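Chemist: Chains F and U, in that order, give the protein sequences. Last residue of the first sequence: 392 in my numbering, with the numbers rising by one and none dropped. Last residue of the second sequence: 220 in my numbering, with the numbers rising by one and none dropped.
Just so you know, these hints were derived from the structure itself, not from any lab. Quick caveat: nothing in here was measured; it's all calculated off a predicted structure. Just so you know, even glycine gets a beta-carbon here, dropped at the ideal spot from N, CA and C. Don't take every hint at face value.
[What the hints assert, rightly or not] Examples of chain U residues lying across from chain F (beta carbon under 7 Å, computed):
1) Ile16
2) Gly17
3) Phe18
4) His37
5) Thr43
[Said to hold, decoys possible] Listed below are the simulated EDC-like cross-link pairs for lysine to aspartate or glutamate, each with C-alpha atoms no more than 20 Å apart in a straight line:
6) U:Lys52 / U:Asp165
7) U:Lys42 / F:Asp45
8) U:Lys32 / F:Glu36
9) U:Lys106 / U:Glu93
10) U:Lys52 / U:Asp140
11) F:Lys38 / F:Asp63
12) F:Lys329 / U:Glu20
13) U:Lys42 / F:Glu36
14) U:Lys164 / U:Glu69
15) U:Lys32 / F:Asp45
16) U:Lys164 / U:Glu154
17) F:Lys188 / F:Glu283
18) F:Lys329 / F:Glu167
19) U:Lys106 / U:Glu69
20) U:Lys164 / U:Asp140
[Claimed, not checked] Stretch-level coverage of chain U by chain F, calculated; a stretch enters the list once three of its residues show a Cβ under 8 Å from a Cβ in chain F:
21) 23–35
22) 44–53
Next come the chains, spelled out residue by residue.
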Amino acid sequence: MPEISQNLFEIIVTFLTITLVVNAILGICSYLIMLERKLSAWMQDRVGPNRTGPWGLLQPIADGAKFLLKEEVIPDHCNKVLFVIAPTISVFTTLLAFAIVPYGPVGEMPIEWLRFIIAPNVDIGMVFIFAVTSLAVYGIILGGWASNNKYSALGSLRASAQVVSYEIPLGLSVVGIALLAGTLNLEKIMAQQATAGFWGWNFWLQPLACLIFFTSALAESNRLPFDLSECEQELVGGFHTEYSALKFGLFFLGEYTHVITSAFLLVILFFGGWQLPWIATPESSFALAWLVKMLVLMTKVLLVIVVVMLLRWTIPRFRFDQLMGLAWKVLIPLSIANMVAVMFVRQFNWNPWWLPAISLALFIAAGVIGATTTRSEISRRPLATAKLASAH
Amino acid sequence: MINQSTDVTWVEEPEIGFWEATFLPAIISGIKTTLGHVGNGKTVTQQYPEVKPNLPLHYRGIHRLNRDEQGRVKCVACMLCATACPANCIHIEAAAAPPEWPDRDKFPATFVLDELRCIYCGMCEEACPVDAIELTHIYDMTGETRESLNLNRERLLEIYDQTKDNPRDPIRTRRGKLGPAAEFVDLPAVGPATAVGVAERSAKTSSPGVIRPMGPDPNK
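Here chain F stands alone, though its shape is the one from the complex (with noise of 0.2 Å):
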């Protein structure tokens, strides 16, 4: 029974993949952490953890030992199903969505069961990202709400409008590569450029898609400057207040799992996958070539995360009027505006090289505006030297 031994085959492959994925995104995360605390020490002029093991590297596993070993408070008066639901759905959609992110070159398989994706061949791949990676704000939505705290409630509030509002220009703006592509199959999206070599890469037809999608995605991972759901300053922490031990740390590991995953996406939709000139391109033939191509992709990858992690320290968080002015005036007329612009150079067969022009216009378009407007806005209020005359 031939049919019977490739099912069975099938299935223990794909729970191989699964178990070395997720295993290997946990340990991942738990040194990215380490990167992110060496990194904004490092940004702040201190040293970062240096004391657990050498320069530090054992850190990571003592967070993890003290996440499993601290006491786990549930509080009184709280739903306590929710309670303990909402961090595991944080972390299960965030992981669920790696399932179909290719992290390798797909299709250039050394040995039969290394596919360098989970699930390959899911045609509607963007589609199926987005859909389950929005469902991971009902993690945060239900923990602010079964903690029975106005801060958390708060949090979970702010989390969810902004996340609904960050899902259309994160959409819309993919929309464009979709259109280009003609598919939304993120494999075949990562061949496609790179058979088409580096100016290929979809960053060059679509710059300002590609800047909506990062600053979407970050808002969308609720990462700084678009933090607001766990602002101290007026949310003593937000969503995960009242939460400790490893339930908070499965908030935490949802967090990165889901920037690990936009960056992925940032770099597999706009730049190039594993491609890069003169070192992995789809004639590199030498041997071990799909490890060069993973280790590119990931370096990629690395590179978008080191970027989150210094916007972090440089930019300060937004203040809630202006994340969803940001989101509403200005991300989804400009993604629009991006997905009209494809579409009528599809349509009439344009040369798609007026893309990255209209991506400029648009982009000058909106400085314009934002300009004027801010400016008829300052005109309007009253000088300071007459708000000194009338006080007297």
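Once you have looked at the hints, place chain U on chain F.
Modeler: What follows is chain U alone, placed relative to chain F:
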């Protein structure tokens, strides 16, 4: 009083130009700053157990009880430090000085200083007429129980032995034979600056003040 209008500088909101409205130049210059800090390799962190901090000269650490030139405890059990102490952390039991100490009337039979109650204000040092109690620069004393930080006379004297050759200590007082009060030959005439009648005193009892040991009041 309302500020004069000439005292107030009114700042108008800056003009927002094209580049400010797009956020990007500000973000890029901000990233330059943060990256510069990542790359410069400078740290302001002190690696504490290996590198000791440079404390200011007037730092007030734990106490010591000084010895005089014969190695005896300098304290004359006058209770001034215990009286001055705002945290009530000094407990002294005075006893008559041994006959071979002709220059003393009293000496502290026990001298217990609770370093956990102490607020390190330095008032005991100010109050001491014979410069017997002094604060040192030692800041890193630890103990496993609360009782172990109730320093008794011997331990306070040990701290003196540890720190007497340290150029940092004593911090403010000078080393004399028994301190400035012991060197008065003629006591200066001390009287109230303005005459105060008995009826004007706030204290209504004529009995001298009693310094009670800490703990339950024996009179109750």
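Chemist: List, from low to high, the hint numbers that the structure doesn't satisfy.
Modeler: none
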